[in-house]
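Trainee: Whole structure, please, built from the sequences with the hints as guidance.
Each protein sequence line maps, in turn, to chains A and B. Residue numbering for the first sequence follows the numbering used here, beginning at 1 and increasing consecutively. Residue numbering for the second sequence follows the numbering used here, beginning at 434 and increasing consecutively.
There could be a bad hint or two in this list.
To be verified - Here are the simulated distance ranges between beta carbons:
no.	chain 1	residue 1	chain 2	residue 2	range
1	B	F614	A	E95	45 to 51 Å
2	A	V220	B	P706	45 to 51 Å
3	B	G588	A	A36	45 to 51 Å
4	B	G588	A	P66	54 to 60 Å
5	B	E526	A	P273	40 to 46 Å
6	B	S699	A	A383	48 to 54 Å
7	A	E385	B	E847	31 to 37 Å
8	A	P19	B	R616	56 to 62 Å
9	A	P273	B	P735	54 to 60 Å
10	A	A116	B	P814	24 to 30 Å
11	B	E490	A	L355	20 to 26 Å
Calculated from the structure, these hints are not laboratory results. The structure displayed is predicted, hence computed values, not measured ones. From the three backbone atoms N, C-alpha and C, an ideal C-beta is built for every residue, glycine too.
2 protein chains.
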Amino acid sequence: MRSPTPARTLATHLSEVVPGDDVTLMGHVHRRRELARVAFLIIRDRTGLAQVVLRPEEVPDGGLPPEETVVRISGIASANAQAPGGREVTAPEIELLSEPARPPVVELWRPSLEAALPTLLDNAAVTWRHLTQRAKWDIAAASLRGFRQTLDRAGFTEVQTPKLVDSATESGANVFPVDFFGREAFLAQSPQFYKQQLVGVFERVYEIGPVFRAEPHDTVRHLAQYVSLDVEFGFIQSHRDVLALLGEVLRGMLENIRTESVDSLSLLNVALPVIPDEIPTIHFRDALRRVGAPDDEPDLSPAHERALGNWAKEEFGSDVLAVEGYPMSKRPFYTHPQPDDERWSNSFDLLFRGLELVTGGQRLHRHSEYVAAIEARGESPEAYEAYLQAFAHGMPPHGGFAIGLERWVARLIEAANVREVALFPRDLHRLTP
Amino acid sequence: MRSPTPARTLATHLSEVVPGDDVTLMGHVHRRRELARVAFLIIRDRTGLAQVVLRPEEVPDGGLPPEETVVRISGIASANAQAPGGREVTAPEIELLSEPARPPVVELWRPSLEAALPTLLDNAAVTWRHLTQRAKWDIAAASLRGFRQTLDRAGFTEVQTPKLVDSATESGANVFPVDFFGREAFLAQSPQFYKQQLVGVFERVYEIGPVFRAEPHDTVRHLAQYVSLDVEFGFIQSHRDVLALLGEVLRGMLENIRTESVDSLSLLNVALPVIPDEIPTIHFRDALRRVGAPDDEPDLSPAHERALGNWAKEEFGSDVLAVEGYPMSKRPFYTHPQPDDERWSNSFDLLFRGLELVTGGQRLHRHSEYVAAIEARGESPEAYEAYLQAFAHGMPPHGGFAIGLERWVARLIEAANVREVALFPRDLHRLTP
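Mentor: Following this line, the structure appears as structure tokens:
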């Protein structure tokens with residue numbers, strides 16, 4: 001029988017241990033260094049790093065375990081102003097909890113991770129261990145908590161909807177076909193139809209889950225699977241209520257990052273954006289004029305979006321800008337038109353630092369409007385029977401939005417490519433790891 | 434311009450309004466009743482029901498709006514000891530927010546929903562509006578929050594992993610093939626491999642998300658897509674640490690239901706189960722003897738599980754029982770054997786009221802053990818290259834478990850079929866609504 005070891009001390013808690021006390025660390029060997037008169041092991045656990053100091057005679061016969069080996073260190077907490085948190089562990093006994101680790105493809109202990117993107121992605125299980133990589137996902141996870149907390153407080157119900165559907169949600173393109181017990185099914189491109197139906201049940205719903213786009217273009221902004229943060233709620237006056245809630249949600253996400261991800265923000269040197277209480281809003285028609293585009297341009301180009309982002313920053317000190325009123329012809333059939341001019345829509349895109357981050361708006365809510373909108377596309381309302389049932393039986397005015405998690409985090413930390421912030425990204429060329 | 438209406442009052446907040454004050458309700462018409470001398474509208478919103486009383490001359494010319502129509506009611510809060518919460522709304526003005534609703538396939542205002550399961554499922558968008566249906570999902574949503582809160586407090590990181598994978602996670606059977614840009618991919622049966630790899634990064638991870646099983650059997654317990662609550666964590670001694678965490682998580686889920694779903698529990702007449710601080714545990718070998726099965730039986734039958742559930746209730750007053758040590762031959766290759774007898778495993782099933790709810794255990798964590806286990810199955814370790822990378826570069830002893838949300842809720846509320854508690858279930862025969 002082993003004698004009982006003292007309870008594990010996490011790296012960031014080592015600073016609270018009284019010098020002279022026994023202490024047990026567990027984690028990966030982050031770095032080993034053998035100098036002539038002293039050796040060091042830096043141990044990495046889920047909270048951070050801790051330093052272990054060995055005299056030459058304390059180094060095991062085979063030498064120090066290689067980096068990434070998992071160890072248990074039993075030793076004595078000792079004061080050292082140079083060590084992280086003012087403490088280090090001396091007189092250590094080292095027990096290997098894994099086999100000695102093979103050297104990773106990149107040196108994880110170096111402060112910055114210089115690997116090219118394919119190396120990063122091909123070795124994701126290991127490269128995510130790097131402190132700056134881990135910090136990126138820490139910010140993603142804090143964003144998810146902030147999103148849920150804000151909506152839970154506002155009386156929203158979390159839902160979970162089908163990812164296997166019998167037809168393409170919004171358009172026939174860009175769907176992945178699935179062999180569903182011999183029938184053709186598709187992966188859901190969004191929970192749009194389901195979240196709307198559930199507004200009839202719970203009034204206010206959200207869902208965080210994977211959505212799938214068979215995106216044939218290889219860009220820095222598109223993934224074949226991404227995490228969608230979906231919101232839909234009833235009893236709104238217009239898309240402006242949706243935009244106001246979006247602002248509240250984004251501020252809630254940022255507040256949670258600010259309080260829970262202090263170390264990650266500092267490690268990544270991230271300055272959090274300003275989301276004003278009232279998000280500056282410009283009509284699509286006026287946005288075209290401002291960027292000098294023709295009046296009949298149906299969409300904003302990336303250059304236009306950048307110009308508008310700069311204008312919002314200079315004019316309003318805001319990192320976000322809502323462009324409302326996009327032409328109905330460019331929006332999905334369930335979009336609510338602008339009541340005083342039906343060429344425009346009660347919908348918006350939110351630009352975050354000059355890039356489209358969120359699409360939202362008010363939806364149609366009357367059954368007869370849906371039938372007309374579907375027929376105007378030359379389609380049969382029967383193809384949408386299950387969806388239209390909700391409207392036939394009474395639905396409140398409603399709207400919602402969807403935030404792409406990877407785009408949010410990438411823009412926040414100014415990553416050049418969304419693949420840097422997806423744990424195991426999927427795209428046109430990538431189905432592993 | 435309309436004059437500004439007073440802010441909306443939610444149904445359950447009506448009891449707090451001072452009699453005589455103006456009040457605005459918004460919701461679905463739950464029930465309309467016109468009697469000779471008085472008429473009633475019951476309004477349903479996300480919080481509950483509120484009563485509106487009309488004198489005959491206040492009834493609109495066309496009569497009261499039909500059930501499920503969405504309305505805004507402006508009137509006066511009035512005391513009435515017979516009304517829910519001691520208040521009703523009188524002198525109402527009724528504004529229709531939807532078109533008059535078509536009658537639903539079932540009368541949603543009746544206290545109990547007598548529809549057969551196919552009717553319930555075929556009309557899910559509407560039948561979920563019934564108060565007892567809504568209460569079921571309310572308990573599911575409270576379970577999700579309790580799960581996350583417990584794990585967030587314990588230093589876990591939420592992760593989101595790929596649902597599109599290049600090979601079957603645990604076995605070649607029961608996977609849905611996907612056409613992934615012309616290549617064959619599969620829908621993930623579980624996040625097992627990913628959550629393990631991420632233990633090397635974050636030590637403690639959880640994921641709530643859809644998993645997919647091409648289950649060819651039509652049973653009351655199987656769905657083609659279900660919500661899996663997955664946990665994995667490092668630095669454990671054995672599966673007993675995993676079981677202890679599972680107990681903590683289940684108690685956290687129940688505590689959240691108890692505090693947040695008071696009305697739903699009472700509506701469904703649910704008695705919450707007892708999860709003892711230490712979950713009673715029996716070895717598989719002893720479980721076989723207790724139920725009178727032969728020593729070489731490789732698994733427990735449903736009848737065995739029921740008998741063991743009854744025994745746990747009588748003997749320990751517990752609604753749960755862990756059966757540990759299942760034969761290695763019946764467990765997946767990554768299962769850790771029982772150190773003193775390698776025929777058995779360091780894994781368990783948790784029986785909840787005599788039905789299997791959770792599978793969990795300790796996993797292998799040394800690279801050489803994985804290579805041996807995969808070769809022993811006659812497979813090539815190269816097929817698992819990306820997964821095995823994590824182990825080659827050092828992984829702590831670890832384990833985890835997965836809870837199926839629908840099974841949990843169904844068992845909790847004693848629903849006969851998991852389809853009753855999935856919002857839009859998918860199975861062998863069902864791909865819509």
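Trainee: Does the Cβ pair B/S699, A/A383 satisfy 48 to 54 Å?
Mentor: This hint is violated: roughly 42 Å between Cβ atoms.
Trainee: Go ahead and decide if the range 31 to 37 Å is satisfied by the Cβ distance of A/E385 to B/E847.
Mentor: holds, 33 Å
Trainee: Range first: 45 to 51 Å. Now tell me if the beta carbons of A/V220 and B/P706 are that far apart.
Mentor: holds, 50 Å
Trainee: State, for the Cβ atoms of A/P273 and B/P735, whether the hinted interval 54 to 60 Å holds or is violated.
Mentor: At 55 Å between Cβs, range holds.
Trainee: Range first: 54 to 60 Å. Now tell me if the beta carbons of B/G588 and A/P66 are that far apart.
Mentor: Since the Cβ atoms of B/G588 and A/P66 sit about 27 Å apart, the hinted range of 54 to 60 Å is violated.
Trainee: Is the hinted range of 56 to 62 Å satisfied by the C-beta distance from A/P19 to B/R616?
Mentor: holds, 59 Å
Trainee: Tell me if the beta carbons of B/F614 and A/E95 are separated by a distance inside 45 to 51 Å.
Mentor: holds, 47 Å
Trainee: Within 40 to 46 Å or not, the Cβ separation of B/E526 and A/P273?
Mentor: holds, 44 Å
Trainee: Holds or violated: the 20 to 26 Å window for the beta-carbon distance between B/E490 and A/L355?
Mentor: Distance hint for B/E490, A/L355 is violated at roughly 59 Å.
Trainee: Within 24 to 30 Å or not, the Cβ separation of A/A116 and B/P814?
Mentor: holds, 27 Å
Trainee: Just to be sure I understand the hint, the distance between the Cβ atoms of B/G588 and A/A36 should be within 45 to 51 Å; is that true here?
Mentor: violated, 39 Å
When the structure is compared with the earlier hints, violations turn up for hints 3, 4, 6 and 11 and for no others.
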